[in-house]
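For the protein sequence lines, the chains are Z and G, in the order given.
With the numbering used here applied, the first sequence covers 1 to 506.
With the numbering used here applied, the second sequence covers 1 to 506.
Simulated from the structure, these hints should not be mistaken for lab results.
Warning: the hint list may mix true and false statements.
Just so you know, same-sequence chains aren't split out, so a pair can sit in one copy or run between any two.
To be verified - Listed next, the in silico DSSO-like pairs over lysine-lysine satisfying Cα-Cα at most 27 Å (straight line): (1) K469 x K121; (2) K16 x K361; (3) K413 x K35; (4) K440 x K361; (5) K361 x K433; (6) K420 x K387; (7) K503 x K444; (8) K444 x K361; (9) K440 x K405; (10) K11 x K361; (11) K361 x K220.
Note that the structure is a prediction, hence the values are computed from the model and not measured.
2 protein chains.
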Amino acid sequence: MAKQKKQPRPKAVTPKGFRDYRGVEVTRRADMLAKIARIYHLYGFDALETSAVETVEALGKFLPDVDRPNDGVFAWEEDGDWLALRYDLTAPLARVAAQYRNDLPSPYRRYQVGPVWRNEKPGPGRFRQFYQCDADTVGSASMAADAEICAMLSDVFEELGLGGDYIIRVNNRKILDGVMEVAGIAPDDERTRGIVLRAIDKLDRLGEDGVRALLGEGRKDESGDFTKGAGLSDAQIERLMSFVGANRLINETVEQEKSALTDRDDISPNETSLAYLADIVSGSETGRAGVDELRQIADLLAAQGYGPDRIVIDPSVVRGLGYYTGPVYEAELTFEITDEKGRPRQFGSVAGGGRYDDLVKRFTGQEVPATGISIGVDRLLAALEAKGRFDGVEDGPVVVTVMDKSRIADYQKMVTDLRKSNIRAELYLGNPKNFGNQLKYCDKRGAPFAIIQGDDEAARDVVQVKDLKLGARLASELSHEEWRDQPAQFEVPRADMVAEIAKRLG
Amino acid sequence: MAKQKKQPRPKAVTPKGFRDYRGVEVTRRADMLAKIARIYHLYGFDALETSAVETVEALGKFLPDVDRPNDGVFAWEEDGDWLALRYDLTAPLARVAAQYRNDLPSPYRRYQVGPVWRNEKPGPGRFRQFYQCDADTVGSASMAADAEICAMLSDVFEELGLGGDYIIRVNNRKILDGVMEVAGIAPDDERTRGIVLRAIDKLDRLGEDGVRALLGEGRKDESGDFTKGAGLSDAQIERLMSFVGANRLINETVEQEKSALTDRDDISPNETSLAYLADIVSGSETGRAGVDELRQIADLLAAQGYGPDRIVIDPSVVRGLGYYTGPVYEAELTFEITDEKGRPRQFGSVAGGGRYDDLVKRFTGQEVPATGISIGVDRLLAALEAKGRFDGVEDGPVVVTVMDKSRIADYQKMVTDLRKSNIRAELYLGNPKNFGNQLKYCDKRGAPFAIIQGDDEAARDVVQVKDLKLGARLASELSHEEWRDQPAQFEVPRADMVAEIAKRLG
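Produce the complete structure using the sequences and hints provided.
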């Protein structure tokens with residue numbers, strides 16, 4: 001190949017960080033997304049498909065000081081305008097909500113499924129093009145909109161057969177604001193608020209003591225590096241720790257209540273949480289509003305039959321607190337998987353969302369309240385695969401082999417007959433000379449059966465059927481001698497072929 | 001708005017030539033594509049989804065002399081590499097077939113559905129992002145592969161409810177090559193061959209006489225402009241005209257045969273065509289091969305039960321003859337629509353394809369035969385809409401209105417009950433103060449029913465149901481007085497609400 005290098009051949013590769021999806025990778029995702037879309041539709045959400053390309057101006061990523069806006073997006077100049085591939089489905093929703101504000105119903109419930117593109121450093125399992133699946137309600141300030149999103153998400157998991165394997169946690173950004181208020185941290189003290197948010201976000205890793213150190217003077221890690229803290233007073237720290245440790249303290253309370261009661265059904269974890277949170281934000285108007293919003297959501301969900309075993313108030317949900325303005329929600333799958341080091345761990349988060357303002361304001365100047373959820377499509381699909389949802393359901397096609405090139409029409413007729421009975425089937429279309437290649441092809445296709453008809457079979461109007469899955473099992477279980485004696489192959493009259501295959505496929 | 005122009009607001013618009021799709025525009029297309037994918041899958045075709053972004057090198061659009069490759073594609077430079085959005089689904093297939101050639105089964109049947117992007121001047125109904133839906137078989141030289149594509153396309157139309165409304169026409173590029181050969185036009189005389197191809201392509205518009213003129217000295221059009229012709233001799237022209245006029249001559253022969261026979265079933269239009277074509281390419285090896293390929297396809301399709309009422313040999317299919325190397329096919333919808341000027345015309349072409357070489361050769365140096373079809377997704381969807389396939393099947397959701405803000409949980413419960421019976425339903429999530437706005441919202445949503453429950457109804461445990469579609473019909477048919485006497489509104493016990501709505505929705 002290197003000898004005649006006049007016109008070098010192009011490299012057959014995807015660009016760095018991109019990939020292709022083949023066969024079941026495509027159809028499993030499509031099936032999952034169709035089920036999700038069915039639930040969204042049932043809830044009155046309307047489909048939306050925005051163009052993949054947006055103006056950089058509409059996306060809001062324009063950096064006036066640089067020649068080229070590439071802050072995480074793929075962008076290029078076209079006739080003097082900067083265009084870019086969308087990096088999420090929320091920015092295009094904002095543009096649509098503004099562009100069609102006179103046409104769209106208000107409130108506007110919409111869902112969108114599709115790829116987004118990020119100009120970021122790719123890594124293992126991290127690609128520059130991936131799917132998102134969002135549902136948002138634009139133009140409603142009602143907590144019923146937030147409760148509905150949580151209920152819908154719960155229905156999605158039930159529809160996907162994940163009942164009992166998920167929990168949706170709900171928190172409210174205003175509660176932390178209230179705690180900061182009663183701790184005496186000024187609303188405009190961005191530096192302290194930033195340190196507090198980052199410290200709380202590290203609770204999982206550092207534990208309560210570590211967070212406490214970061215709220216005070218600072219913390220020295222194992223390597224000896226010192227991180228300067230927020231420098232708050234002990235009283236301030238205790239106020240904040242009542243939020244940081246809320247989940248542990250609430251759980252302890254629930255356990256105490258449980259042990260003091262005979263009828264355990266009387267315990268309401270949500271009531272305990274709400275009472276606890278109302279207590280720690282006592283004196284803050286914002287905090288009170290946050291607790292009130294959480295109570296409204298809890299009451300609405302309880303009235304619809306979504307108990308705390310499915311959707312629960314949980315102050316430990318802090319992800320995205322900085323971005324959202326009211327309720328926030330996060331969905332976790334609770335079943336265990338084995339991680340790459342062989343240790344069991346919970347599958348974890350697959351969806352998150354919350355309430356946000358300023359969606360349309362950038363365009364129109366009018367504030368429009370909105371709330372919504374984004375499902376991590378690849379993570380959810382991986383979860384369904386981990387749960388074995390797709391095991392053994394996707395055979396390849398039945399392959400009709402070609403023994404005699406001059407009788408292609410007869411073989412093709414067999415394929416047609418199979419297809420007419422809704423059996424996925426193929427004629428071998430390669431060069432039929434080497435029959436071994438035909439059987440190798442059947443293997444590669446994952447064919448459950450191969451149909452064979454030579455002159456002898458044709459004369460007797462029968463076909464040979466090779467049960468390839470049984471054959472593979474026999475080959476792995478039996479010695480070569482036994483296997484030769486029990487070939488997974490049988491003869492069937494041509495007229496009975498379709499019925500026999502249909503029966504065996506179940 | 002113009003007063004405070006410090007930070008001008010971004011414009012909420014799609015880039016020029018792009019558009020969004022909302023509601024049924026998205027779901028109808030998705031439903032149609034799911035039906036097509038079901039047929040493709042049944043035929044053993046595997047799904048493929050390539051990345052939207054390709055290297056310009058792989059796409060084959062690289063222009064070494066210009067700073068920027070923009071020959072019809074959207075392209076940009078990324079870390080020294082030129083990337084571009086795919087402009088069709090065939091170029092990515094070529095890349096995939098080369099990249100995974102050791103993994104893929106051979107032959108490789110694949111289908112792909114998705115958007116493609118063209119950097120072309122947009123026009124009415126012409127957008128820079130649009131859907132394609134392709135199926136190709138890579139690595140098979142067998143005419144059975146071409147016949148299969150035609151049969152599959154026929155099955156697609158049947159699945160979409162277009163039985164009797166379509167015809168798939170098949171031709172072969174080699175026949176025109178054979179005719180040119182016997183007419184004495186050299187294979188390397190690109191200029192003459194180009195003129196001949198362009199002239200034949202104009203048959204519809206210019207008629208046989210116009211084409212004849214272009215094959216000879218040339219032709220003066222109505223405006224007086226003269227187009228220089230190919231300058232062929234009369235004998236050469238007659239040879240070529242035997243191909244140009246083939247369809248008319250074959251049809252005349254079929255009619256003659258029909259009138260000479262009593263049993264019309266004995267007429268085989270395909271046999272007549274093949275005999276005629278064999279005659280006009282007599283003496284050319286290439287032409288003979290083309291006729292032989294057509295005969296193989298016709299025989300295979302006949303054996304599978306696809307008669308010439310569905311798939312027919314038709315020498316008038318010239319579209320794309322320049323690009324393809326063997327069989328070419330084109331699918332037309334034959335029902336009449338009314339064009340923008342009110343004249344009836346056939347709906348026309350919705351899919352086309354054929355056999356092509358050099359698919360993978362660019363990358364690997366190895367020739368790989370391939371054949372495939374591309375469906376014009378937007379045209380086919382428009383056809384289904386023109387046929388009324390979607391009439392009256394897509395109501396909006398049932399809307400539960402809010403009469404008393406403090407009873408949201410009760411209203412939400414009604415919505416939940418409806419959804420549990422698979423009835424699409426919504427709670428009104430806007431500000432409930434103005435009830436008129438709630439009814440306007442119902443209209444905008446296309447709601448079939450609105451549910452109303454005020455204090456009085458709640459006390460009696462009933463709901464009012466407004467039949468909005470009946471109401472709209474009554475309002476258009478009756479005078480205001482009659483309409484007021486027959487309001488399309490009825491009362492139903494709360495416990496019977498879901499069953500009553502389900503019954504009325506059918």
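ask   = Can you give the numbers of the hints that this structure goes against, from lowest to highest?
value = Of the numbered hints, 1 and 11 do not hold.
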